Structure formats: structure tokens, C-alpha cells
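Residue numbers (this note's numbering), protein chains in the order written: chain A, 1 to 224; chain B, 1001 to 1410.
Don't take each hint at face value.
No farther apart than 20 Å at their CA atoms in a straight line, the calculated lysine to any residue pairs in the SDA-like style are these [stated by the list, open to error]:
hint	chain 1	residue 1	chain 2	residue 2
1	A	K116	B	S1046
2	A	K116	B	F1005
3	A	K59	B	A1398
4	A	K178	A	R216
5	A	K116	B	R1315
6	A	K178	A	Q221
7	A	K59	B	P1310
8	A	K164	A	G69
9	A	K164	A	V4
10	A	K59	B	A1405
11	A	K127	A	K164
12	A	K164	A	W86
13	B	K1068	B	L1247
14	A	K164	A	A3
15	A	K164	A	H186
16	A	K59	B	V1403
17	A	K164	A	D131
18	B	K1068	B	E1173
19	A	K59	B	E1404
20	A	K116	B	S1006
21	A	K59	B	R1315
22	A	K59	B	R1298
23	B	K1068	B	E1099
24	A	K164	A	G115
25	A	K116	A	K164
26	A	K127	A	N191
27	A	K164	A	R71
If you are wondering where the hints come from, they were derived from the structure by calculation, not from laboratory data. All values derive from a computational prediction rather than experimental measurement.
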Amino acid sequence: MTAVLRVEDLTKVYRVGQVETPALQGVSLEIAQGEFTALAGPSGSGKSTLLHLMGGLDKPSGGEVWLEGERIDLLSRTQLADLRLWNLGFVFQAYNLIPVLTALENAAFVLELRGKPRAEREALALKALQDLGMQDLASRRPNQLSGGQQQRVAVARALAAQPKIILADEPTANLDSKNGLALIEHMRTLNHTQGVTFVFSTHDPRLLERVDRIVRLQDGQIAA
Amino acid sequence: MFSLFSLSWRNIWRHRLRSLITLGAVGLAVFFTLFFLSFLRAMENSMYNNLTASVGHLQVRVADYRDKREFRDLLIPQAARVEARLAALTGAERVVTLEIPALLAGETRSRGVLLIGNQQPEGLRQRFAQQFLAEGELPRDGDLEGIALGASLARALEVELGQPVYVFAPGTEGRGAGVYRLVGLLHFPDAGLERRAAFISLAAAQELAAPGSATRIELHFPFTRFEQDAQLTPIIAQLRAGLEPGLSLESWRETDPALAQLFDLMAPMMLIFAAIFFGLSGLLVVNSIYLGLLERTRELGVIVALGAGPGRMTRMVVTESLVLCVSGALLGLALGLLTVAGLAGGFSLDQLYGGLGGEFGLPQVIYLSLSTGDTIVTLIFALVTGLLAAWWPARVAARLEPVEAMRFTA
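Just chain A, same shape as in the assembly (with noise of 0.2 Å):
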């Protein structure tokens, strides 16, 4: 299989002041296309980090990362966020939905971003939430949602995109177990059905299960 995503040697060092915390050490790893991977392993590994620096949202203090052939590290920031925009879906562990927009337009918000014509963008939201069974809730604002509902509606904002790689940020550690279910099943189906390749980063033993490839990272670097 054709490798959509690629990171060589990656390192990242944060620095505060004189303290250097190494967050990834020299990691190496492919993700096909069409692939459903799981990064696991405990809090502190760098599932998070490699998440963010694959999907062009930090700079690597050292390595390279490739995104469908190009580098993508060495991009500007006006570059980078085109390449989010275009290529790119995210879910973030803490929802971060638009309060102020309903589950519709939060859904419709990459779209919005992207220009799209107002009737495109409210079909393609529209049947993002139809998929992850969210139709009826399309006028409420965040608040008015519960958790898993809300994290539904991020998964809707990165899908109606149609974006090639969704990036998760421990999607369901927010979630109670059968929200957390609901959700790893809707990620699963679409991935068979629409062939999205999805990444998550997740210490979800029920997520751990149903994934293709699980990548364990310990300390910075890849498991053996």
C-alpha cells in the first residue's frame, strides 16, 4: 500500500527557560492509505506530539514529515494551514466546537473556510451528521449537547471536509464507555465505507481493539 503519511527521525524537544524535556526521539513511521491506526501507549509517550507535528499543527525540532509525497516541515504558516485545510481533518480530545455556532455550522466550519457555496457546505455538513446519526440535533448550539454528542458533531466537522487523513486526539477520553463505543463504531464505518485513513492517538483499550495497526510509542519513541 502507497504511503500517504511519512515521518523519518522525527524529534521534538520543548524548552522552558534552560530545561529541555525530549518529547520525541528519533521516530520513523509510515501510515497507508485507507489504514485505521491507533497510537498508543501511557500519558507522556508522544502520541500527541507525533499527532500534531504529522498533522503540520507544530514544528519538529529535527527529522522530516511527508504528507502524500511532500515535505511538509519545512512549510511556511500560511502554507501549512492551507495543507490542514485542504488535506487534513482533526478531532481534538476536547471537542472544541464554535459555541456560538450550531451542530450544523460547527460541522460546515472547514467548508465555510474553504469557501465553499452555502448550500454545498450545509448538504455536505448536513450529511456528515446524518452519518454519525446527529440529523435531528443540526440546530442546537454546543451547550445544548452532551459530550458524546458534541464529540460526534468534531468527528462531523472533520468528515464533511472529505478530507484524505483524520487526525484524533484521543477521541473518546472524554466519553463515557457507550458514547466511547458509538463513536469508535461511526469512525470504523466510515473508514470501510468512504476508505478515510484515520490516525487517533489513545490509551482506549475498547479503540485499541477495533484498529487495523496499533504504533506504541514509550518515552518518545516506537516500541518495539
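Take the given structure of chain A and dock chain B to it, following the hints.
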């Protein structure tokens, strides 16, 4: 479905009270600026009308008249012919004046004055009478017997209406002396002027001191607003080209340079006041937008992470600031226009500046008026405030690092 505008609008109202205070501050800045502009415009127009009514928009005199001391050197000979030529060139109303240094006497007392003989169009004559005539009437054109005096001068001469006033103008080219009957008493806000004001008709003045001559010919144009004054420039050039040798033409600016300077100060003064109003309200806008930004740092981090570039973030912040400022400006505009419309019928400021206003040509009654240009300038100020207030917060937003911003806790 939302747009950048509606997102900004909703974001603004997350903190209702703070946004209302900021919006109100911008509204007040617009309101005060509009009120202040309309007030200054009203003062400007009234002062312009008062000044040009008393000295004319333009004056023809003998060249270098300020350097001449002898009465005869100040005379424009054949004034009627010069007046007719000016009439043909401009079509403006003319006031022909002959000023004579003279000694006025009652039965027991005398005073030295600059006796003014003039001939003016009926409209200006009536306006002068309305403003300054306290009792009786003004001498009519061609009246060879009537004289009107400042009330203080009449008291000093101990003469009353109907009594004779003796006039001596030695060393002039006319009869040099005459007896007139006091027909009118004048009251001027300027006490000094009231002590030396004496008016007769032009015909009487010419008969007394200089047959056929005048010391100045004023041209009065139908300009009622100061902004129309710029129309004088080509007229001045045309008239100067057609003027007889030995005569000079000057505008009211040269006749009264002190007031002209005051007029020149008004526009910068307006801009300075407007800048102060908007500067202060701009600080509140910066505060409001920046605090909003700080409180939403995590959310903005998510927006950047989702793919909003620096340009988009800048536009978002600028739109919020503009929406806030424009909303405030519309509120202030409505209040300002209503107030100006309400006070357009005129209100008196006499109590504010007592009797002093008249001495400086200030109007007794203010009629607020607002031009479209002033309204547009005020709204531009509000827009510029919105843009400037957004500059720094927009810079901060455009430089947000998504991961750091999403970890941010206020």
C-alpha cells in the same frame, strides 16, 4: 448558516455588557462628533454671514489705503461709475460707503467719530436694522437730513430722537458742515462700536465731504454657508484683472485677518476633537476585542488548526472590530441626526457667553446644521477607529500557534 459577518456578530454578543459599553462609547464618539461638527458649522456659517454682511465678501478701495493718512487720498472718484462696472462684472449686490472723519455735536457736547455714509440694497439694510436698530429708523437712501447714532454716542452728545446733530468735516471736499436730525438709535453688542457709530445716507455724506466719491465699495454675494467661500477665488481673479488702476480688491479675509485666522483654525479644531473622541473610544474597542481574543484563545487555536491562515484570522478580528464600531456608529448617527434635527430650529447661547459673543461676531442664536460631507467624515472616523483598534489584536491572532493556543488557559 453563518458567514464571517454573522460569526463576528455572535462573538461580539458573548459578552453583552462589555460589548454594549464599547458600542455605546463608539456611539457617543459619533454623536458628540456630529453634534460638535454641526455646532461649529452653525457658528462658522453665522459668523461668516455676520462678517460678510458687515464688510462684504469683497471690497474695492484705493490701492495701499492702509498706508494713506489724508482723507482725500482714500477717495474712489466717480464711485457710481466704478460701482456700475463692478455690477456688470459680477452681478453681486453692492454697498457703497463713504467714511468721513468728523466731529459730531449736540447742543452742549461733541465727539470725534468716523461718520459712515452708505447706500445699500434693501435686504442688507433691513437685516442691519433688525440686528442693531433699537429705536426710530435708519436714514433712507437719498435722505439728506437723517442721522442714526449708537445709543451710547447719543447719550454722550445728550441728543434724543428728533433733535439736531451738528456735523463738522473740515478739510474735506464738500460743504464741510451740516445739521442732521437724529432719526434712529442703534445698539451694538460691542460697546466701543456703540460709542462711535454714526450713519447717514451716501448722498448726504457725499454732499458733506466728497461729492461723487466713496471710500469703499463692498460686494455681497448670495453665499450663506462658509463652504461656498471657495467660489470667490475665480471671481477675485476676474475682478482684479478688470479693475481700474489705483484701485485694489481685497476679500473679507484681508479685511479682517483675525477672524479669517479663526475660520482657518476651525477645521483642524474639528479634526482634533473628533480624533480625541474616537481615540478614547478606540481604546475601549481595543480592550474589548483583545479581551475577547484572550478568552477565546483555545477556540482560535482550533480554528487555526482547522486551516485558517494568518489572513483569515486577521479578517476575523478586523470584522469583529468593524462590526462593533459600525454598530456603535449607526447608533450614534441616529442619535446625532435626531438631535441636530431637533435643534435645527435654533437655540440661544446668550447665557453661555453673556454679552461677549457679539464682540467676536458670534451668533446670538445657533441653528445646527450638518452637511453630508461631515456625516461621511464622522463615519470614516468610526471605520478608521475600527481598523486601528483591530490592528494589534489582529496581529496577535494571525501569529497564534495552534498547539500552544489550544493548550492556553486564561
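These are the hints, each one checked on the structure:
{"no.": "1", "hint": "A:K116 to B:S1046", "verdict": "violated (57 Å)"}
{"no.": "2", "hint": "A:K116 to B:F1005", "verdict": "holds (16 Å)"}
{"no.": "3", "hint": "A:K59 to B:A1398", "verdict": "holds (17 Å)"}
{"no.": "4", "hint": "A:K178 to A:R216", "verdict": "violated (25 Å)"}
{"no.": "5", "hint": "A:K116 to B:R1315", "verdict": "holds (17 Å)"}
{"no.": "6", "hint": "A:K178 to A:Q221", "verdict": "violated (32 Å)"}
{"no.": "7", "hint": "A:K59 to B:P1310", "verdict": "holds (17 Å)"}
{"no.": "8", "hint": "A:K164 to A:G69", "verdict": "holds (14 Å)"}
{"no.": "9", "hint": "A:K164 to A:V4", "verdict": "holds (9 Å)"}
{"no.": "10", "hint": "A:K59 to B:A1405", "verdict": "holds (14 Å)"}
{"no.": "11", "hint": "A:K127 to A:K164", "verdict": "holds (17 Å)"}
{"no.": "12", "hint": "A:K164 to A:W86", "verdict": "holds (9 Å)"}
{"no.": "13", "hint": "B:K1068 to B:L1247", "verdict": "holds (13 Å)"}
{"no.": "14", "hint": "A:K164 to A:A3", "verdict": "holds (12 Å)"}
{"no.": "15", "hint": "A:K164 to A:H186", "verdict": "holds (17 Å)"}
{"no.": "16", "hint": "A:K59 to B:V1403", "verdict": "holds (10 Å)"}
{"no.": "17", "hint": "A:K164 to A:D131", "verdict": "holds (17 Å)"}
{"no.": "18", "hint": "B:K1068 to B:E1173", "verdict": "holds (17 Å)"}
{"no.": "19", "hint": "A:K59 to B:E1404", "verdict": "holds (12 Å)"}
{"no.": "20", "hint": "A:K116 to B:S1006", "verdict": "holds (16 Å)"}
{"no.": "21", "hint": "A:K59 to B:R1315", "verdict": "violated (25 Å)"}
{"no.": "22", "hint": "A:K59 to B:R1298", "verdict": "holds (19 Å)"}
{"no.": "23", "hint": "B:K1068 to B:E1099", "verdict": "holds (14 Å)"}
{"no.": "24", "hint": "A:K164 to A:G115", "verdict": "holds (18 Å)"}
{"no.": "25", "hint": "A:K116 to A:K164", "verdict": "holds (18 Å)"}
{"no.": "26", "hint": "A:K127 to A:N191", "verdict": "holds (16 Å)"}
{"no.": "27", "hint": "A:K164 to A:R71", "verdict": "holds (16 Å)"}
The structure does not agree with the numbered hints 1, 4, 6 and 21 stated previously, though it agrees with the rest.
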